[in-house]
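Read top to bottom, the protein sequences are chains A and B.
Throughout the first sequence, residue numbering follows full-length UniProt numbering, covering 1 to 213 in sequence.
Throughout the second sequence, residue numbering follows full-length UniProt numbering, covering 1 to 213 in sequence.
Hints in this document: simulated from the structure, not taken from any laboratory.
Quick caveat: nothing in here was measured; it's all calculated off a predicted structure.
Any given hint could turn out to be false.
One copy or two, either will do: identical chains are not told apart, so a pair holds if it fits within one copy or between any two.
As the list claims (entries may be wrong) - Straight line, CA to CA, 27 Å or less: simulated DSSO-like cross-link-like pairs of lysine-lysine:
hint : residue 1 : residue 2
1    : K91       : K179
2    : K91       : K209
3    : K179      : K4
4    : K47       : K209
5    : K209      : K100
6    : K100      : K63
7    : K91       : K140
8    : K179      : K100
9    : K47       : K124
10   : K124      : K170
11   : K4        : K91
12   : K153      : K100
13   : K154      : K140
Protein chains: 2
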Amino acid sequence: MLSKNINYSVYLILDPVLTENLGMVQTAQLAVQAGATVVQFRAPQWKKRQRYECALSLKQMLKNYQVPLIIDDDVDVALACDADGVHVGQKDLPVEVVRKLLGPEKIVGLSINNAEQMALVDPKMVDYVGVGPIFSTTTKPDAAAPIGFDGLKKLMQICPVPAVAIGGIKAHHIESAVKAGVQGVAVISAICGQDNPEQKTQELVRLWKQNTI
Amino acid sequence: MLSKNINYSVYLILDPVLTENLGMVQTAQLAVQAGATVVQFRAPQWKKRQRYECALSLKQMLKNYQVPLIIDDDVDVALACDADGVHVGQKDLPVEVVRKLLGPEKIVGLSINNAEQMALVDPKMVDYVGVGPIFSTTTKPDAAAPIGFDGLKKLMQICPVPAVAIGGIKAHHIESAVKAGVQGVAVISAICGQDNPEQKTQELVRLWKQNTI
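Bound conformation, chain A alone:
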């Protein structure tokens, strides 16, 4: 469906708690219609049946848009619903294993927190990295120490693949993110659980474009 020419600019990560009112699929659809460019499904607190069923529904909905669906951690769920890729952290399956299971066409993303991890990123295995957390967040309680935009800027100097900044990113941080050299911002609570996710997404898209022309 998609070439590897991915637009990572407004990368939505769905959160099952924050989207409880609207639901995951509805939140994703509103965001995508407003210009979100990637959707990641992440629900570690759910049992796998529920994760699989939600991922299937997201895939079905996203068929109508040129927006890739990335599954957090579960390569089996990604294979089962023919998702566009998988995002793994440092404590999930190694990227070599993920690449082997998914094949060369799918997107593999990896979370990066420090220079040691970044130095190991192999562009043959990893399509993009999520670099952070920029700030501390409540949506991922087990996250590593925040690196700030200064830390991000340093890591971007040795980053061999496209990168998204992640961790507490709001609309007013986009200018700093662009200046640090990333290709996108990953957001959770900036869209999920907001009264008007479309408007919030439009604002992120507008600011991204404004800062990258």
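With chain A held as given, fit chain B onto it using these hints.
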């Protein structure tokens, strides 16, 4: 490596907490040397990297024995370490999906707690069922209500595939399990965490043989 002619009689499920002293691999090896016929790896509390690495080590060790390695829940881990099969519960991936991902040669097991679930078991999708819990246990806090040997006996009358009884099974229950019609007993704490897992396994094997001749 294995035909589908599996000996399910003494089916060991490894528990990461109970095996903390000896370790998963050492516990499994002692049990297998003493006659355990299946090893299931289950560690839902671990991150997937650790699960993957442990499953790889188990697979490596079990190569020397004609004993299949079954992975709980994680089809991706099973694929990555070329395990012999996957065991899923009712809230994990549907068995049709697991079968499709693993192919026809691998073993697919399914947990069954009641007649409604048993009636849906399709022998093309499911190689064996784990029926229970017979008793309530501490190793699986989210398990369904215990069914006892009477419940097991009733379910076995409509069971279309080989079955193992699971949930609090100890050596002195083997006679009842055999009489209920199962092809094996799945044990956790009867082996894991015991001072002498070899001896405990030998006892289970001896009692199984004694009751099935």
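Evaluation of the provided hints:
1. In this assembly of identical chains, K91 and K179 lie within 27 Å of each other by CA distance neither inside one copy nor across copies; the values are 29 Å within and 45 Å between.
2. When the C-alpha separation of K91 and K209 is checked against a cutoff of 27 Å, the pair qualifies neither within a copy, at 34 Å, nor between copies, at 43 Å.
3. Taking the closest pair of Cα atoms, K179 and K4 come within 27 Å of each other only inside a single copy of the chain (24 Å); across copies the shortest separation is 59 Å, beyond that limit.
4. Proximity of K47 to K209 under the C-alpha cut-off of 27 Å is found in neither arrangement, the shortest distances being 38 Å within a copy and 38 Å between copies.
5. Proximity of K209 to K100 under the C-alpha cut-off of 27 Å is found in neither arrangement, the shortest distances being 35 Å within a copy and 43 Å between copies.
6. Taking identical chains as interchangeable, the C-alpha atoms of K100 and K63 lie at most 27 Å apart whether they share a chain (25 Å) or sit on different chains (22 Å).
7. Taking CA atoms no more than 27 Å apart as the test, K91 paired with K140 passes in both settings, with 14 Å inside one copy and 24 Å between copies.
8. With identical chains, the CA atoms of K179 and K100 are never at most 27 Å apart, being 34 Å at best within one copy and 46 Å at best between copies.
9. Taking identical chains as interchangeable, the C-alpha atoms of K47 and K124 lie at most 27 Å apart only when they sit on different chains, with a minimum of 25 Å there against 32 Å within one chain.
10. Taking CA atoms no more than 27 Å apart as the test, K124 paired with K170 passes in neither setting, with 31 Å inside one copy and 50 Å between copies.
11. Only within a single protomer do K4 and K91 lie at most 27 Å apart by alpha-carbon distance; the minimum there is 25 Å, versus 34 Å between protomers.
12. Within a single copy, K153 and K100 get their C-alpha atoms no closer than 31 Å, and across copies no closer than 44 Å, so neither meets the 27 Å cut-off.
13. Taking the shortest alpha-carbon separations for K154 and K140, only the intra-copy value of 23 Å comes in at or below 27 Å, while the best inter-copy value is 46 Å.
Of the numbered hints listed earlier, those contradicted by the structure are 1, 2, 4, 5, 8, 10, 12.
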